[in-house]
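*Asks:* Protein chains in written order, with this note's numbering: chain A, 14 to 249; chain B, 37 to 333; chain C, 4 to 369.
A few of these clues could be false.
[Stated by the list, open to error] Covered stretches of chain A (in silico footprint by chain C; criterion: 3 or more residues with CB under 8 Å from a CB of chain C, positions within the stretch not fixed):
| id | region |
| --- | --- |
| 1 | 78 to 90 |
| 2 | 93 to 102 |
| 3 | 112 to 120 |
Derived by calculation from the structure, the hints in this document are not laboratory data. Glycine included, every Cβ here is placed at the ideal spot set by N, Cα and C.
Residues per chain are reported as follows:
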Amino acid sequence: MTAPAILEASGITMSFGGLKAVDGISLGLMAGELRCVIGPNGAGKSTFFKILGGQLKPSSGRIRFAGRDITRAGPHRRALLGIGVKFQSLDIYPGFSVAENLMLPLLHRGRDAERETARLLAELELEGSEALVAGQLPHGEKQRLAIGMALALRPQLLLLDEPTAGMGPEETAAIAALVRRVNEQGVSVMVVEHDMAFVKQLEAPITVLHFGRVFAEGSFQEIESHKEVRQIYLGG
Amino acid sequence: MDALSAIVAFLYQYLDTIAVLGLSAIGLIIIFSMMGVINMAHGEMMMIGAYATSFSYYEAAIPVPLAVLLGGLAAGLAGILIERLIIRRFYGRLLASLVATWGLSLILSQAALLLLGPQIKSVPTPFGSFAVGEQSFAVYRVVMFAAAALLIAAVWLVFSYTPFGVKARGTMERPEMARALGVNTQRIYAITFGIGTFLGGIAGGLFALTASIGPFIGQNYTAQAFITVVVGGAADIFTGLLSSVLTLGFVKTLFTNQFNILIGHVAMLVMALLIIRLMPAGISDWIERRRQRGHER
Amino acid sequence: MGRSSAVGRRASLPLDRIVFWLWVALLFGLLAVAPDMMSRFQLLNLSGFLLNGFLAMGLCLIWGSCGILSLGQGAFLGLGGYAYGIIGINLIEDHGNTILALAGGLAVPVVFAAFLGLVLFYGRLKGVYVAILMLVVALLFESFLNQTAGPGWAIGEAHLGGNNGLGRFSGVMREPPSLSFGLGEERGLEFVGSTRAFFYLVSALLLVTYLALQALVHSRYGLVMRAIRENPERTESLGHDIRLVQLLVFCLGAGLAAISGILYVSWGNFITPDVFGVYNNILPVIWVAVAGRMSLTATLVGTVFLAWLSQRLALEGDYALIVLGSILVLSMMVAPEGILKALGDAVMRGLRALQGRARQGAEGGA
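Chain A with its partners taken away, still in its complex shape (with noise of 0.2 Å):
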């Protein structure tokens, strides 16, 4: 028996000044699976992920999320229906409290609201940080309080676009251990990444993309011995 399948993109193409920087990438993501998607510098991976998110709207191309076409539907839409999304940008209001940055995506949830914030705190464990400015944190927290903010929309599908960008090893395992511990708690994640050591940490399939489509797929280890991939990340 094979899991549904959660996202389908098809054919997702987009084009800015003069060039493609997505050019007919076909992307399925199972229920529950997790996915880095990866490639160099200008592969398209920025694009495609905003794509996903509804920030963009391809040229051309079909999105498909739980058997619901949602190629047209804008980003809140998207965060409502179980998208939820972390951008390479550090991605909090650092003007805001810790309890503020995570109140937002809790606003739909009515009387839960605090429940949730309180078991949000824990998962990311930034207890006791919830009346602190959130501009104020360390690099590592505040990227934790990003992802918590995706988390907060309890989406089925969480996509994270560099979520280990200027972090140190330590910072960088406890991301890959939080995103670990989100899948399996059944949510389906999607990684677009640089670092290959998080890439290697988080244990999952990868996509590798290169002048925007899909160049190669596999495990981490056929990717790294993969020839052709190791050149366009070193010989590129």
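Given the coordinates of chain A, work out where chains B and C should sit on it, guided by the hints.
*Replies:* Leaving out everything else, chains B and C in the frame of chain A:
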């Protein structure tokens, strides 16, 4: 009135509207495209141009074309001064720069009113008129159109082909990159602002020859200029200005002709709202996208 | 900005609360005794300053809280005033339909704002575009009404009167009526602009509105508004329909401007197209920017003070607007978040430091 003279009359009005829109918007759109700043004191730059034109004409007996040029220079200098003293502090804070320049507009127009009164001597419209059939038209309006066309072409040449233009476009697209390549972006911004206000001053000088000159001479044109800029967008000065002026000018002429000038302005605003509903970042941005898609095929 | 506000169970510091309520008591206590301390003429003027508070708080809400700058709030004030005046001239005197005039005065600008908002926010227009298009809209209303001088421009008994507007200056019979409830002999409640009744009506409305808006900006909806101001894309990705929120906030701002418009017309029994003009659009921006766009309190106090100041200056000479313009530019450069806001924050910091020292002292002593 036969069909031919109706067409001639319409064309004349159309050209005139294009000239007025183009002249009043060109300085504004340059500053907006390059720096993202809407200069709310643009009307006052036109006012400075108009006053300087009138003064040089009457006080120094300078011939009209030169007087208009001096009007432009006066506004250009004022612009550079304003950029150094005020605008500079508001880079990256667009709404704040909007408010600050609006305050400046209030100061300048009220100062002119206080110091020089509600009106100064207007400069007579030169060149007389010509006739087509039974209708007569002012030659100056045609000259103004030519001046507008010339200025737009000059701006295009400057920004496309001169070393300054290349640096300016680089600064506009990637300021950090330009800085890394040794471009003095501060100076580029100051000069750009100066060019924008210079063109505002020229427009003011040209308008001064057709209207009574007072502290609010420029403000009569700013609302139209704003609409023109919004519709044109910031993606490309030249395509933005041209497409916006041609479209809005047509709508305005048509409705002014059929009804009155007020309906003409309302029609322009409604057209603008329709256009930005379809192309939120203006026509130039939309054209840019089409063009890029065309390249790929 | 750094200070977080109360959300949900986490009440703000008690000190904030105490200072806030003391402040409200002081402000409105002063208003309660003001009529006893001034002449009828001064009271008329003070009512005139106060009624701007709604317009200013509306701008404070949309710009300060939600990040939507509008340079044309005068459009909503004017529409509200004209709608109230036109309906009032036709219905209040003869039929006592004040409620209908009030409803019209509110509904016309709010519906118009909703229509504009559909284009501006659902079109995802840039902030600068919204700001200047609003000014263009207001100026077009001014041009339109300026050319309505002829006898053909009448709605029922109300002659639009071109640049003379509605009211006594237009030389026609009827001027927009004061707010009044009841009919004919039984007209028990009438709020004539120069009376204490009108002054107290404006003050009470202002108090209620101020408290309601404070509650709003400190509620979860206020949090969403501030989130949109700080980072619209992220707010959207957290499941909030930012276009809808912006539209609703914009309509609320328009409604507040309309209240000022209605009160203005019933205060002076006239309105002219000038209310749509450049000055009446830049004035609220000056009040809010100079006082502090992020703070309703600063906005309210600053508006009344600056409205008073501009009247004083106007009596002295013609440079009132130059002074106001200079205050605006200088304050934007020196205190970008507003002068009163900066002062208030400094005072609060001082109080908190004192509180901290007092606490330390108490602990040290124990």
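*Asks:* Kindly indicate which numbered hints from before are broken by the structure, ordering the numbers from low to high.
*Replies:* none
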